[in-house]
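Residue numbers (our numbering), protein chains in the order written: chain A, 1 to 190; chain B, 191 to 423.
Any given hint could turn out to be false.
[To be verified] Result set (DSSO-like, lysine-lysine): computed pairs, CA atoms no more than 27 Å apart in a straight line:
| hint | chain 1 | residue 1 | chain 2 | residue 2 |
| --- | --- | --- | --- | --- |
| 1 | A | Lys61 | B | Lys411 |
| 2 | A | Lys124 | B | Lys238 |
| 3 | A | Lys132 | B | Lys238 |
| 4 | B | Lys244 | A | Lys138 |
| 5 | A | Lys161 | B | Lys205 |
| 6 | B | Lys244 | A | Lys124 |
| 7 | A | Lys174 | B | Lys271 |
| 8 | B | Lys414 | B | Lys398 |
| 9 | B | Lys411 | B | Lys350 |
| 10 | A | Lys138 | B | Lys205 |
| 11 | A | Lys138 | B | Lys238 |
| 12 | A | Lys132 | B | Lys244 |
| 13 | A | Lys132 | A | Lys88 |
| 14 | A | Lys124 | B | Lys411 |
| 15 | A | Lys174 | B | Lys283 |
| 16 | B | Lys346 | B | Lys368 |
| 17 | A | Lys138 | A | Lys89 |
| 18 | B | Lys238 | A | Lys174 |
| 19 | B | Lys346 | B | Lys283 |
| 20 | B | Lys271 | A | Lys61 |
[Said to hold, decoys possible] Short, incomplete list of chain A residues facing chain B, as computed with Cβ under 8 Å:
| hint | residue |
| --- | --- |
| 21 | Ala25 |
| 22 | Phe38 |
| 23 | Asp43 |
| 24 | Glu51 |
| 25 | Val54 |
| 26 | Pro68 |
| 27 | Phe86 |
| 28 | Lys89 |
| 29 | Leu118 |
Derived by calculation from the structure, the hints in this document are not laboratory data. All values reported here derive from a predicted model rather than from experimental measurement. We treat Cβ as the ideally placed atom computed from N, Cα and C, and that holds for glycine.
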Amino acid sequence: MPNLQALRRGDANAWDEAFCWLWPAVFAVAHLKLRPYFPNEIDDVAIESLEELVEMVHEVKSSEELKPLAVSIAHHRAVSLLRERFAKKRGEGKTESLDVPTDGERALYEPASSDSPLADLEQKELAQRLGKVLAELKPPFGEFLSDFFLHDLHYEEIARKRGVSVGSVGVYLKRGLEAMRRIWGRDDNN
Amino acid sequence: MNSMNDERFFDLAMKIITRQATDAERAELDALRACEPELCAEFDRLEKDVRLVKDTLPLVDAMQTAAGDFPAYAHERLQTKVRQVIIRHVVAKGQYRSPALIWRCVLGLVAAAAMILVVVLPILHMYRAPRIQLAMLDTIGGIRGTDTNEGALLRKTWSKATLDFLTSVEALHEWETKNKPDEVKVIYERAAAEVRVLGKWHGKSFRKTFLVEPDLEAALKEAKSFIAEQIQE
Chain A
1 MPNLQALRRG DANAWDEAFC WLWPAVFAVA HLKLRPYFPN EIDDVAIESL
51 EELVEMVHEV KSSEELKPLA VSIAHHRAVS LLRERFAKKR GEGKTESLDV
101 PTDGERALYE PASSDSPLAD LEQKELAQRL GKVLAELKPP FGEFLSDFFL
151 HDLHYEEIAR KRGVSVGSVG VYLKRGLEAM RRIWGRDDNN
Chain B
191 MNSMNDERFF DLAMKIITRQ ATDAERAELD ALRACEPELC AEFDRLEKDV
241 RLVKDTLPLV DAMQTAAGDF PAYAHERLQT KVRQVIIRHV VAKGQYRSPA
291 LIWRCVLGLV AAAAMILVVV LPILHMYRAP RIQLAMLDTI GGIRGTDTNE
341 GALLRKTWSK ATLDFLTSVE ALHEWETKNK PDEVKVIYER AAAEVRVLGK
391 WHGKSFRKTF LVEPDLEAAL KEAKSFIAEQ IQE
């Protein structure tokens, strides 16, 4: 992990180390959001995200905050780019659809739509939440949630993959969701 | 709802939310919700939770990715950004003097020094002129005194100088030998019809004789020009 004091001093070697460390994460986010529609923009968005991170280095309190912040910046930049490009495509600045969006477009708008829990979060707030998820979502709950919600595996497939009974899969998922709810402050007490 | 129904409701909800449910499972969930209306709110809450997970986990996964090399072409662009940001930050804290600012200060000092050399020193030099002493030798006598035309011309030419009237060569010799540094003596020898200039200026000695031709005024003018040349060099 790079030395934050060295980064704040503008140490070129420390920044080289930081760029190499952060690059896979920002590139992965840009790739995730832009690959189906604007693959040529992936590198630019990743680099611009790192530039923006450089601008914010004096606001960061510890090195651990760097990666969540970089990922948050990349997410916001990619979503902004998608909104801007599709707004142009549909007629400069018009928010309502002029044509029925394709499945791909609908999927594209999902993470950027106003009902997304991430939509209203500022970069720093999202970075804090991501850092918290990374630290507090203990294994194997994250893996079970990924298998089911991101990779669309069925209960039986997950059970085989993780070596548990089919009946336990739901339990892991339920506990995983509860953990996420708690981390995001969306549990019953809030 | 008992724990068995609770688990079943959760599993059915998950399958429906992720579009994995069969028609029979949909009907089963609808039946459960009809019996217990509070399950509708719980279903809505689960939908939101799933949405949160689907939005968040890819970003968390991205943070754990280690694959992918930082492209070399981005290196200089980002290092330039680092330099700009750090300089801006230091300037904002008032700890920075840019090279351009330093050079402007140096150039300003050089210009000021040049101004002193070009303008001020010559002015000072101009005000520092040699002391001029005048003497008029009249061995014949009869035309001495401050009222003579020659004496008046000498005073007019060097208004701040002292004028001595001498009547013998010995007296003139004695007068000439009383030299002081940075002093110029101008002697008008009426009998020889000449004006002699003897001087020392900044360690340099000079001397020249001017014939009174066509008249004394012209000779004095030439002598004055000669003195000016010597003290300027």
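So, going through the hints one by one against the coordinates:
A C-alpha spacing of about 86 Å is found between lysine 61 (chain A) and lysine 411 (chain B), which places the hinted pair above 27 Å, so the restraint is violated. Note on lysine 124 (chain A) and lysine 238 (chain B): the hinted pairing holds, with a Cα-Cα distance of about 22 Å set against a maximum of 27 Å. Simply put, lysine 132 (chain A) and lysine 238 (chain B) have alpha-carbon atoms about 19 Å apart, close enough for the 27 Å limit, and the pair holds. With a C-alpha separation of about 17 Å, the suggested pair lysine 244 (chain B) and lysine 138 (chain A) falls inside the 27 Å cut-off, and the hint holds.
Of the pairs offered as hints, the one joining lysine 161 (chain A) and lysine 205 (chain B) holds, with about 18 Å between alpha carbons and a cut-off of 27 Å not exceeded. As the CA atoms of lysine 244 (chain B) and lysine 124 (chain A) are separated by approximately 20 Å, the hinted pair is consistent with the 27 Å bound. As the CA atoms of lysine 174 (chain A) and lysine 271 (chain B) are separated by approximately 45 Å, the hinted pair breaks the 27 Å bound. Proposed proximity of lysine 414 (chain B) and lysine 398 (chain B) is supported: the alpha carbons are some 11 Å apart, at most 27 Å.
Between lysine 411 (chain B) and lysine 350 (chain B), the direct Cα distance comes to roughly 16 Å. Compliance with the 27 Å bound is thereby established for this hinted pair. Annotation: proposed proximity of lysine 138 (chain A) to lysine 205 (chain B) holds, straight-line Cα distance about 24 Å (limit 27 Å). With a C-alpha separation of about 21 Å, the suggested pairing of lysine 138 (chain A) with lysine 238 (chain B) holds against the 27 Å cut-off. Of the supplied pair hints, the one linking lysine 132 (chain A) and lysine 244 (chain B) holds, its CA atoms being roughly 16 Å apart against a limit of 27 Å.
The suggested pairing of lysine 132 (chain A) with lysine 88 (chain A) is violated, with an alpha-carbon distance near 36 Å, which exceeds 27 Å. For the hint linking lysine 124 (chain A) to lysine 411 (chain B), the alpha-carbon distance of about 90 Å lies beyond 27 Å, and the restraint is violated. A distance of roughly 51 Å separates the Cα atoms of lysine 174 (chain A) and lysine 283 (chain B); the hinted pair therefore is violated under the 27 Å criterion. At most 27 Å may separate the alpha-carbon atoms for a hinted pair to count; lysine 346 (chain B) and lysine 368 (chain B) meet this at roughly 24 Å.
About 42 Å separates the Cα atoms of lysine 138 (chain A) and lysine 89 (chain A), which puts this hinted pair outside 27 Å; it is violated. Restraint check for lysine 238 (chain B) and lysine 174 (chain A): satisfied, since their Cα atoms lie roughly 13 Å apart, inside the 27 Å limit. Simply put, lysine 346 (chain B) and lysine 283 (chain B) have alpha-carbon atoms about 69 Å apart, too far for the 27 Å limit, and the pair is violated. Using a Cα cut-off of 27 Å, the hinted pair lysine 271 (chain B) and lysine 61 (chain A) holds, with the two alpha carbons roughly 20 Å apart.
Annotation: interface hint on alanine 25 (chain A) holds; nearest CB of chain B at approximately 5 Å, less than 8 Å. Annotation: interface hint on phenylalanine 38 (chain A) violated; nearest CB of chain B at approximately 17 Å, more than 8 Å. Because the closest C-beta pair between aspartate 43 (chain A) and chain B is about 7 Å apart, less than 8 Å, the hint holds. This hint holds: glutamate 51 (chain A) has a C-beta 5 Å from the nearest C-beta of chain B, less than the 8 Å allowed.
With 8 Å as the threshold, the beta carbon of valine 54 (chain A) comes within range of chain B, its nearest partner Cβ sitting at about 5 Å, so the hint holds. The beta carbon of proline 68 (chain A) comes within 6 Å of a beta carbon in chain B, closer than 8 Å, and the hint placing it at the interface holds. The interface hint given for phenylalanine 86 (chain A) is broken, as the beta carbon of that residue sits about 18 Å from the closest beta carbon of chain B, more than 8 Å. With a least beta-carbon distance of about 23 Å to chain B, the hint placing lysine 89 (chain A) at the interface is violated under the 8 Å criterion.
Nearest Cβ of chain B to the Cβ of leucine 118 (chain A): about 5 Å, under the 8 Å cut. The hint holds.
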